[in-house]
Structure formats: C-alpha cells, structure tokens
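Chains as they are written, first to last, in the working numbering: chain A, 213 to 875; chain B, 30 to 324; chain C, 1357 to 1546.
No lab work stands behind these hints: they were computed from the structure.
Don't take every hint at face value.
With a straight-line cut-off of 25 Å between C-alpha atoms, the simulated DSS-like cross-links for lysine-lysine are [as the list claims (entries may be wrong)]:
| no. | chain 1 | residue 1 | chain 2 | residue 2 |
| --- | --- | --- | --- | --- |
| 1 | B | K236 | A | K685 |
| 2 | B | K133 | C | K1545 |
| 3 | A | K468 | A | K512 |
| 4 | A | K585 | A | K516 |
| 5 | B | K245 | A | K685 |
| 6 | B | K133 | C | K1484 |
| 7 | C | K1506 | B | K236 |
| 8 | C | K1517 | B | K128 |
| 9 | C | K1506 | B | K295 |
| 10 | B | K274 | C | K1545 |
| 11 | C | K1545 | B | K138 |
| 12 | B | K274 | C | K1484 |
A short list of chain B residues far from chain A (calculated; beta carbon distances all over 12 Å) [said to hold, decoys possible]:
| no. | residue |
| --- | --- |
| 13 | V163 |
| 14 | T191 |
| 15 | S212 |
No residue lacks a Cβ here, since even glycine has one placed at the ideal position from N, Cα and C.
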Amino acid sequence: MSRVGVFVCHCGENIAGTVDVAAVAQAALAMPGVVAALDYKYMCSDPGQTMLKKLIADERLDGVVVAACSPRMHEPTFRRTTLESGLNPFLCEMANLREHCSWVHDKGPATTAKAIDLVRLQVEKVKRNRALAPIRVPITKKALVLGGGIAGIQAALDIANAGNPVLLVERSPSIGGHMSQLSETFPTLDCSQCILTPRMVEVARHPQITLLTYAELEKLEGFIGNFRATIRRKARKIDESLCNGCGVCQQKCPVKKIPDAFNEGLANRSAIYVPFAQAVPNKPVIDVASCTFFKTSKCKACEKLCPTQAIRFDQEDKIEVHEVGALVLATGYRTMPVANFPEYGYGQLTDVIDGMKFERLASASGPTGGAIKRPSDGKAPQHVVFIACAGSRDRAKGVPYCSKICCMYTAKHAMLYRHKVHGGKATVFYMDVRAAGKSYDEFVRRAIEVDGVSYIRGRVSRVYEEDGQLVVKGVDTLLGGEPVEIRADMVVLATAVEAQDDAEKLAQTLHVSYDPYHFFAEAHPKLRPVETNTAGIFLAGACQAPRDIPETVAQASGAAAKVCGLFSQPELTREPVVAVVDRQAPPLFSSCTGCLLCKDACPYQAISEEAIKNRAGEVIKTVAQVNPGLCQGCGTCVALCRTKAIDLQGFSNQQLFAELMCI
Amino acid sequence: MKVGYYPGCSLSGTAREFGESMAAVARALDIELAEIPEWTCCGSSSGHMTDRLLALALPAHVLLKAHDAGLAQVMAPCAACYNRLATARHEIEASRAAKAQVEKVLQRKIESLPRVLNLLELLAQERDHIAAKVTRRFEETVACYYGCLLVRPARITGFDRTEDPVEMDKLVAAVGGKPINWSCKTECCGASFSLSKTSVVGRLGAKILRDAVARKAQAVVVACPMCHANLDLRRSSINRRLAAKTSIPVLYITQVIGMALGIPAKQLGLARHLVRVTLPGPSAQTPPAPRPAVQ
Amino acid sequence: MSTQHEEAVGQSLAARIEEEGEVSVVDCYQCGKCSAGCPAAEDMDVAPSQVLRLLQTESPKHDERALRSMSIWMCIGCETCVSRCPQEVDLPRVMDFLRQESLARNLAHQDADDVVAFHRAFMSSVEKAGRLFELGMIGDYKLRTGHFFKDLGLAPTMFFKGKIGLLPHGGANQVEVAEIFARARQARKD
Chain A
213 MSRVGVFVCH
223 CGENIAGTVD
233 VAAVAQAALA
243 MPGVVAALDY
253 KYMCSDPGQT
263 MLKKLIADER
273 LDGVVVAACS
283 PRMHEPTFRR
293 TTLESGLNPF
303 LCEMANLREH
313 CSWVHDKGPA
323 TTAKAIDLVR
333 LQVEKVKRNR
343 ALAPIRVPIT
353 KKALVLGGGI
363 AGIQAALDIA
373 NAGNPVLLVE
383 RSPSIGGHMS
393 QLSETFPTLD
403 CSQCILTPRM
413 VEVARHPQIT
423 LLTYAELEKL
433 EGFIGNFRAT
443 IRRKARKIDE
453 SLCNGCGVCQ
463 QKCPVKKIPD
473 AFNEGLANRS
483 AIYVPFAQAV
493 PNKPVIDVAS
503 CTFFKTSKCK
513 ACEKLCPTQA
523 IRFDQEDKIE
533 VHEVGALVLA
543 TGYRTMPVAN
553 FPEYGYGQLT
563 DVIDGMKFER
573 LASASGPTGG
583 AIKRPSDGKA
593 PQHVVFIACA
603 GSRDRAKGVP
613 YCSKICCMYT
623 AKHAMLYRHK
633 VHGGKATVFY
643 MDVRAAGKSY
653 DEFVRRAIEV
663 DGVSYIRGRV
673 SRVYEEDGQL
683 VVKGVDTLLG
693 GEPVEIRADM
703 VVLATAVEAQ
713 DDAEKLAQTL
723 HVSYDPYHFF
733 AEAHPKLRPV
743 ETNTAGIFLA
753 GACQAPRDIP
763 ETVAQASGAA
773 AKVCGLFSQP
783 ELTREPVVAV
793 VDRQAPPLFS
803 SCTGCLLCKD
813 ACPYQAISEE
823 AIKNRAGEVI
833 KTVAQVNPGL
843 CQGCGTCVAL
853 CRTKAIDLQG
863 FSNQQLFAEL
873 MCI
Chain B
30 MKVGYYPGCS
40 LSGTAREFGE
50 SMAAVARALD
60 IELAEIPEWT
70 CCGSSSGHMT
80 DRLLALALPA
90 HVLLKAHDAG
100 LAQVMAPCAA
110 CYNRLATARH
120 EIEASRAAKA
130 QVEKVLQRKI
140 ESLPRVLNLL
150 ELLAQERDHI
160 AAKVTRRFEE
170 TVACYYGCLL
180 VRPARITGFD
190 RTEDPVEMDK
200 LVAAVGGKPI
210 NWSCKTECCG
220 ASFSLSKTSV
230 VGRLGAKILR
240 DAVARKAQAV
250 VVACPMCHAN
260 LDLRRSSINR
270 RLAAKTSIPV
280 LYITQVIGMA
290 LGIPAKQLGL
300 ARHLVRVTLP
310 GPSAQTPPAP
320 RPAVQ
Chain C
1357 MSTQHEEAVG
1367 QSLAARIEEE
1377 GEVSVVDCYQ
1387 CGKCSAGCPA
1397 AEDMDVAPSQ
1407 VLRLLQTESP
1417 KHDERALRSM
1427 SIWMCIGCET
1437 CVSRCPQEVD
1447 LPRVMDFLRQ
1457 ESLARNLAHQ
1467 DADDVVAFHR
1477 AFMSSVEKAG
1487 RLFELGMIGD
1497 YKLRTGHFFK
1507 DLGLAPTMFF
1517 KGKIGLLPHG
1527 GANQVEVAEI
1537 FARARQARKD
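Take the sequences, apply the hints, and build the full model.
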C-alpha cells in the first residue's frame, strides 16, 4: 500500500496567481495512494523544507510529490531533503505546475484542472518508483592535454602543480604553438618568446608532466574518469636519449631549400631540422618526404657526423595506449590563407602577406632579424597598408563572425612597423576597432596619437600589382564614401581566425560537438565555457573560438580547475537514470534477443555485448549490456527495443504508461 | 555538335565582324549554330535599368522560342545578351513571384527554359579540338580582356574566376599566343555609356589600354561586342584622355582563333575594325601561297 | 499618378525593395567596399554605399535624395560591387529599382538626361522593330537630346566598314514584341 505525500507550492504568486493551489491539494488527497497533501507559499524555503521532513516522518511516507516549479530548478533540492529524512531520494518526484501550467495558461478552472492532472501523473509514477543508488565510477587520476600551445601549456602546468600527472601531446616537433611565432604581444609589446619559453621549459622539467611531441591522438575510447587514448608517436628518426641538441646535423644536411612553415615560408630549412632555436624539446626530426636518404638511399651525412650516433633511419612510429581520466582540448587555430582572397591577388602577389608572416618579419629571431623587408626584393617598404577584417565578418567568404584579435594585432603591427622603419607610412583600413580588453583601447589610441598610424574607415575593394608596387583601392566612408587609392610597397591582411583544418576529424574521433565553423562546442555558451557536452573532455583556447592570450590562459586555468575538481573526488558519482537490460530466470536469462539494435542507436556508445555463459564457459546467449558510466539516460534504446528488454531506471515503461493511463 | 544560337542585335550591326568570325570558326570546328527562329531583342542594359518586367519578359521570350525550336542549350556570344538571358532564367527558376509576373506578360506557362552558355564556355569545351586544327600559330603577346558580364555576378554565371579569369587566356595559349598577366582583365570599359557618356568610356578605356600597353601587349583580345566598341570605335576618346595616340588593335577571340585556323582575314572581318589590325608576329602576314608540289 | 503609386509613397523604398526585389538594405554594414571598387564612383554625387545608407534610414527625405541623385544614372551595371560585397547585398538590383522608381516619379537628375534618353531610345527602337535598329536608335537619341552633331565624324567610317545598316534588320517577330511591351505597360498600371 503506497503512502504518498503531495506538497503543492504557491511559488509566491507565480503558481498561486493562476492555479487554485488549495483545490489542487484537496484533489490530491482524494487520489488513490495519497495519504497526505498540503499547500504552502515557498516549498523550497527553509520552513517549506522543514514541513516536508516533518510530514515524511509523521506520516511514514514512502513517496513524495512536490508540485512546484521545474525539476531543472529544484529537483536536487527536494531530493536532498528527502534523503535527509531517511527516504531514498529517487522516491521524490516533481510535478511542474509553473513552466508547464501557470506560466503558460490564463487563470481559470481549466488551468486548475490541468494542474490536478499533472499532480495525478506524478503520483501514479512515484507509486511505481524504486529506490535507486547513485552509480559510482572509478577515476584514473591522470590528464591528457591535447595541444602544446600556450593553452595546453597553461592547463598542463596547472593540473600538474595540483599534484596530478599530465600527458601533454603535441603534433609538431616542439611545443609553443602560434605564440612562439609572434614577435611582440599586445598590449604590453612584451617579446612573445621571452614570456613563453620559461613556461615551455617548466613543462619540460615538471616531474608530473610527460611531454610527447611529434605525436598525435589516433583514437579515444571509454568515458569520463576512464578513457583509453591511443597515441601515435611519429618516428623522429632520432634516439632522443642520445641526442644532445648540438645542431651539427642541421648544419651539414645537404637539403636546405625546404620552405620553413615556422617562418611562414620566408626562410628555408633543412630536411633534418629543429623548428626554431628555442624549441622544446631541442631534438631534431627528419622530414622523411624531403630527406635524400629516404628518397634515393644516398647521403646519410647526419648519421656520419652525429657526435653521439643518435640518428636512427629505421625508427618506426610507435603506438602507445594511455589510460587517462580527463582530456583538455587545446588544439588551437589557423589563419585563413591569403589565397582565399581573389580581390587581393589569389595569394600570388608576393608582397601581399598575412599577419603571421608579418610577425616573422618583425621577430628578432626571424629570417630578417626583425627588419621589415618586402618578401619580393628585400627592400624596406616605405608605405605599408594594413587591411583589417580580411575574411572576417564576411558572409560571402563563409566567415560571418569577428575574429576578435585582428584589430589589436593590426594596431600592433602598424606600431612595430613605424618603430622599425622611421619615416615609413602606415595606413590601416578598418571597419570598426574592437579593443575591449584591459588597456586595449589605450593601445590603439597610442598607435594613432603617438606612433602616427593613419586609420581610414573603409574596406579595400581590390589590390593589384603595378610597376613593382601594390595599388590599393580603398574608400573613406567617414568622408562620404570617397575613394582612396594608395600605391603601397607591402600589404598586410589581417586574415580571419579559423579552426584547424582537421578540427572536424578530431571532434568526430573524440565525439565532441562542434559548430558550423568547426570550432569545438562548449556545453553552455554563458555558464559552461570550458566544458564540452562530452563528459570528461574540457576546452581551452582558440580551438573553441578566436581569442587572445590572456583569455586563453584564463580559460586554460579554468579547464584545469575542472579537471582537478574531477580528480579531487575519490570516485565519480552519477545519477542512476540509466538503461538496464533485464534478467530473467533460466532458460530465458533475459528477454533480450541479442539483436543489438540498441547498440547501434546509442549516441553515447554506452551499449556493448555481453555473453551469458554456462558453467563450462560456453556461450548460451549474447545480450546487450549497458555501461552505467557512459549511459546518459536518453531512452533511445528503450524506444527501439522490440521485446522491451531494456528499460530506463527512474523512467520505466511501466511508470510512463501508468502516467498516460491515469489522465 | 549543335547548339542553339542567339546572335543578339549588335552582331549584325556594329559588331558585324564578331558575327562573321563566329560563323567562320563554327564552320571550321563543325559546330552547328542553330539560330533561334525569329529571335527578338533581350533588352540588354537599358531593359533591366529601366523596366523590371520587360527585363525579365524579353529574355524569357527568347528562351521560350529556343525551347519551342527544340533547343536544349543556347549560346549567346554577346556578353550582355548572355548575362540577361542567364539572369532571367535564374530569377524565373528562383522566384515564384517573378515567374508568375513573366507568365502573365507572355501569356503562357513556363515549364522549363534552355540552359544559357557564353562564348568562352562553349569554346573552352572545344579547346583541344581547336589546338589540333591550328595551321598557323598565333604567336602574339596579347592582353585578354574579359569585361564585366562574362564572369559577374558569380551566382548567375558560375563561370571561371571572377578576379583574374583564365578561360580566354587558355584559348589564346592553345593557338600559340602568349597571354600576359595584367591588372585590368575585368575592369569595366564603360558599357552602355558609349553613346550617352562617352567621356566615361574614354576614362575607363584609357586605364585599360594604358596597362595593356605598359605590359607590352601587342593586342587586346575581347569576347564582348560592347567592350570591343568601347576600346576600338571609341579610340579617339581614349587617346584624348591619354594625350597620346595608341595603335594597339582590339581583336575578338573568334578572330584570333580564326587566324590560327587559317581562315582568311576577309572572312574574319579584320578590316572592319577602326584601329588597324597590325601585328608584328607571323599571323600578321597573309597566309603563304601554297607551295608547288615537288616535281 | 495612379492610386497604387500614391499608396506606395507611404511605404519606404527599403520596405518596397525588400518586398519586390528581395534585397534587405539592412544587411549592409557600411563597410564601403562597393564604393572603393566602383569604376564610376568619381562621377557620382552620392557614393554607392551612401545610396544604401540613404535607404536604410527609411526617411522620405533621404529616399527622395537617392531618387534624385546622379549616382543611380552613372551606375554602369558592371556588378563589381555585389561580387565583392561581404554581405552579398545585391546593389545592382537596388540601383535598377531606384532608376525605375526615379523615372516613375519624374525625379531623374537633370544631368542624367542623356542617359535616360539613351535608354528610352533603345527601348523604343526595340518595341518598334522587335530588335534594336541602331541607326534608328541613334537618330531617336539625337532628337531627344539635341546632340545632332555627335559622332558625325564616326558615322561615315562605320558605314563604309559595313557596321551601320540603313534599314532595320528583318527576321524578328515584331508583333510579339509589341504585344509584350503593351502587356507590360498594362501590368504596371494594375
């Protein structure tokens, strides 16, 4: 015999203003199985909670229905109170009289009748509730940080400093990311590598961090607290334990004409190379596609000359499997290529460059030693035009969003140019100046007021080459749309920030959501910016959306905090609203026929096969098995199951049909 | 092969040599140009600039005539005609309102309209065929001038690159020519201002020719009768603007191909240009007299 | 003026262009790229991007300024603006609409008389002959504008080169064309 208590909340005037709450409570009392019912102004308040506890004790209730707001608001509150009263929390249900009733209907008898029906549904359900225990899942307290730029570095250091082991995986031969390519950073004009390299070294030296460079994640299996990551450690063709970073191999390598990606094609590198002088680790890699030995079996100069005999031509890629409990995605961004701009020359005009290339020109460790020189003839440009919003906020180019950092780095570039080429003219064509960070607007004003950069509001329609110069056809909209034609020596495009080329593929490998632009999706745009919808996978940096360094670092620390929070618990507790495959006595064992349609349908890969064996170890029947740690309780499998062998705890078929039948 | 043909009004008038060289080249390549019977004007620029209904109805009428004649495709050598026919077809397919309006004016239902091609699209398909039939290579350095309406707007034309197109350059290269890299391939010539605002044509034409001449082109090659008129017939306005006398000739792509295929100058209408066609290369000479057979 | 026109005057040009031309002028964020690349910009009194701005305010004063501008008549129809516009605003379509509306309300800029005369002469020739009769069109243009001596030097050369026909070219179905013009006129009245 059930003993259900119904508690109808007024929610101030929110419910009581439209629904006759007293009538609802009275009607509830007449429902079969209900032994007590009351109504009160604010059930979630302290007195309300006290009332709940008292009635549970006094009336020996074995089921509770709180008719109030949405369970998304207060289900945890009332379940906790129920637990404190000694009753299993899953014997407490909520009827939503607010969002589903008083907020969407007018006052009247029909509305009150609906409220009574809603209560009746939950009473019928709770009579069939069973006590459930939360699911406990063990946690592997080791984090995997994917991506070794500033975001990954910061996250790794924060997690490691909290005492947790970290695996940092970076696909290029060195960590550092785009920040290592920058010359100076806004708004302080700090030398980028000077502030970055100490962190890079810290990562390399940290006892809790295992650094795997020139490595990529191939597969991820498992679930939060229990991931299995398959990582391919690409063959450097070097025995890292022997290599001391002397650099003789690079000097002596005969293949020297490979365009250097780190320097954005402004310089060349050899086939055996370290990406940049401050690389961490400072161990070279052989670019097998360009190496003479791998192409023609001749040469081997590096092997002959290496003082520690560290070259290993026959080294193979190694596949390693690591058990980790959480992932931080910090895979960064790329910029839109200049070839994407037909109106600016399809990328074929040598002196039309993008921001990253300008960074390499301006960088003291770059191919020109920090001197601004035209890529075409090496001369110092006397007039440089900077084009902001190149590709961003551009529906026609498929990038409607703002790339956030370009206004600031364009001002920075113009300032650096003016500092380095005295007497040179810098013109910036802009639409808006977005300088919302701390000290940012002052930075841009400095460019205009102190460094004499000319800012013209208008976009550039076309850039073409004439007599070794670049003709820039822009406009001044603040002067009524007056055309402005400039003959420049160099044009710098602030190209759009885009997701990495293979971001989609990675997201699919990890089962992480992504947006139409292939940026990884956060769990909630306002309140959950560092989590994804995939439990246990967190986000840091520009792989989620264009952002600058301070925000990246902040977000990375945020992601690290989430990981540390996860690891600080002895076990992971999850709601028991999960699917369960039934068990019956032999010879049936289970009404599951083993069709495994549910396995294919499950969006969370939570269903696997289970072999039911006899004592001899022979398989009698194969049935579906749900992993409670992965199951999110969506119910897709329940809807699909033809024999109704699989059911959802807390939302069973029996409960739901009872609800339907009682109206 | 056979293709529906819409010559357009100018090909029998100011662009007569375009029509002549078009016919000659088609003959040489075994392309049957099936002229749409009793075709009428598409409205050109004046149509769409002043009257929306006529701008859709007149080209639709042309395409319906082609459809009635059993033609699945129509090629229009005039860039403006091509653009008008293609635009009308696109709008009628895209907008029920536009279709209804046109059907009302034309007093008939439109089920389907033939595809519309421009000259370069057609010739591009024939490029290998053309190359194989070259008897005298056209070894000139030329500036291929596309103008506006062959490549823009991209959603209507869907053809070639809108900035720095290459199809005409490829055709010229296929017959032995050297197309230059220059900056005015798609810069407007002034179009229908030829008569009403000739000074604009002078200014815009001057920019185009100045660039072509500075980059050592021996001729400008066009695929549009309006562009030809503005750069050839209106040369005096251009020269006035440049304060210099220019002699760079303007050739139709069909004339260039025709020369390479050995078609006599008269059939190509080369003498009809205002600016004399003199080219330094071997194509400038009249074809050599046939050699006597070796005895 | 017809009643339809009077009703239309109440609606802003932007609203009508949205309805009839399916172009949303609000999409324009005034970047000026169209003005920067327009080959005719230096002959315009109002830059192309500014024409859109005049429509965006939806004020009768600004609407009228747009219709009275020289800009809409100096637009060559080269389609460069829309091919570069980051918001894909169909400015050529807007220009077509403004020209038609300017003529309907008799607001065409007086310096645009030659351009308007050309268009009228062209369309008139097509209506009469089914195809453009170039000599007839030129004659009509000269009568409308009074520029009797224009291109007189050019005429004989063109004639001798066979580029000017003395008679309209036959072959067109002129009757059909005349009917189309008549029905279009009627449709505009309705």
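* Structure versus earlier hints - violations, ascending order -> Structure breaks hints 4, 8, 9, 10, 12, 14, 15.
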